Amino acid sequence: MKLLTCPLNGQRNISEFTYGGEYHPMPDPNTTDSRAWAEHVFFHDNAAGVVTEWWCHTASSFWFLAERNTITDKVIRTFDTSEIFNERVDFKVPDAAEKQS
Amino acid sequence: MPFGLLKYGLNSEYPGKHHFTPATELKRHYDVVIIGAGGHGTAIAYNLAKYHGITNVAVLEKSYLGGGNTARNTAVIRSNYLTEEGVNFYRESVKLFNNLSNEFNYNVMMESRGQLTLAHSDAAIRSFRWRAEVNQHMGVRSELIDRQTIAEMVPNLNMSEDSRYPIMAGLWHADGATARHDAVAWGYAKGACDRGVELHQLTEVEDIEITQGRVTAVKTNRGRVECGAVVQAVAGASSVVAKKAGIALPIHCYPLQAMVTQPYKPILTPHISSPHVHVYVHQTSRGEFVIGGGSDPYPLYHTRATLDQRETLAAASMELFPFLAQARMLRQWAGTTDMTPDYSPIMGLSPVENYYLDAGWGTWGFKATPICGVTMAELVATKKVPDLIKPFELERFYRYDQINEAGATAASH
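Chains as they are written, first to last, in our numbering: chain A, 105 to 205; chain B, 1330 to 1742.
There are no misleading hints in this set.
So the derived list for chain B, only partly shown, Cβ under 7 Å to chain A, looks like this: (1) ALA1577; (2) HIS1581; (3) TYR1630.
Part of the chain A face toward chain B, derived, beta carbon under 7 Å: (4) TYR123; (5) ALA152; (6) ASP177.
Distance condition first, Cα-Cα at most 27 Å in a straight line; then the derived DSSO-like pairs of lysine-lysine: (7) B:LYS1713 - B:LYS1379; (8) B:LYS1356 - B:LYS1712; (9) B:LYS1346 - B:LYS1379; (10) B:LYS1712 - B:LYS1424; (11) B:LYS1573 - A:LYS178; (12) B:LYS1572 - A:LYS178.
These are computed hints drawn from the structure, not numbers from a lab.
Treat the numbers as computed from the prediction; the structure is a model and nothing was measured.
No residue lacks a Cβ here, since even glycine has one placed at the ideal position from N, Cα and C.
So that you can see chain A by itself, here it is in the shape it has in the complex:
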């Protein structure tokens, strides 16, 4: 059975976790055109090698990041999101969207 180390809950069975997709920074919705937005939404790296990705410990709803090798299926490390997100992310409706409506 494969194990994954949750930064909050420690080592748990991987069946307790949900895969959450590749980590890739969101472009600024105010300056991104429709084509670039499609790339952000649909076109992912799908790299064969080490990738950074989102995981969630389902039982505690705790989201974190992991570095994993997609060829060997070895998890290199898991870490708290604060390593990357060190300031508040504001999810308000972008100005560009308000102008459209």
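Since chain A is already given, all that's left is putting chain B on it; use the hints.
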């Protein structure tokens, strides 16, 4: 017949011929280079040579003929999809499959035993009615059948109302079939090589040269090859190969696992699929039960088999066929599936001129092999996108115009 056998037995040299002669030296230039010698790659080469007179073609394969997902799929052929685009495309593919042995003069062991998809909920019955209506409207044999008909059709199926998810109805698809997947690739490769196409195995494409937006050459581990056009048909490695041409694809690769039991006497005629318990089962002509449909829960390029999936598939197949509890497993394996966001393939033009894509084949690649060969060869030969594959172009994602194929294999939903 006995004399024929005796002649074989007493002959000092086995009189059988090799299917085809693999090419030895790589030429400096080919009109068309096809990356990947699976069913799709060889089908494209075959159609180019036979119907378009383009024979200066090389099929480059990093491993061996039909050794990737062509050998790893569960050989199911059907056309009961849900979208108009999907049904049209696969209906033509099933037609071609039905005549494939004649086309090759080579037996692909096509067996049209039908396919039955099971509904375990009211929601599933509603969606099956929708699918049956769409299918019938488009000339595909597909109908909703009740419990009694199912019980008569598949006497060994567990029809108990006390099971966890009792079977409520079924979607019967008389056109459903299986064929020997290896033979499909071999038949295409033989037909292509007989007409002058070169198959180069153990030849890996390492880089793709692009000059002014056009592909001009590919670099392989055996040297550089100039080419007039390139087709990539490398399901399971589509993102990796496309990246060499600077093309990003909306694909994530997930392993799909399957397993096969010891052989039994013939007791199961149709292919049985249950989207609800996430499993599909059919009995091969050799008698083995092929049990498939376990997608791994996260992306991976590794084709290892896991205990988790074995447990899941075993539990689900035993719910449908309790006698399988006694079965011994012979093999368990995985293939890498190119999952697209809308469960439809990505075929046709790419952002690079004369570089053609045949990708995103998820769990629906083997059944598309013949029609893919026809349409992609037509595209390469005429540079016009055939109507049948126009909806599957990569550009659809930029237009937010996906083809949501909810009739794709049970495993991935």
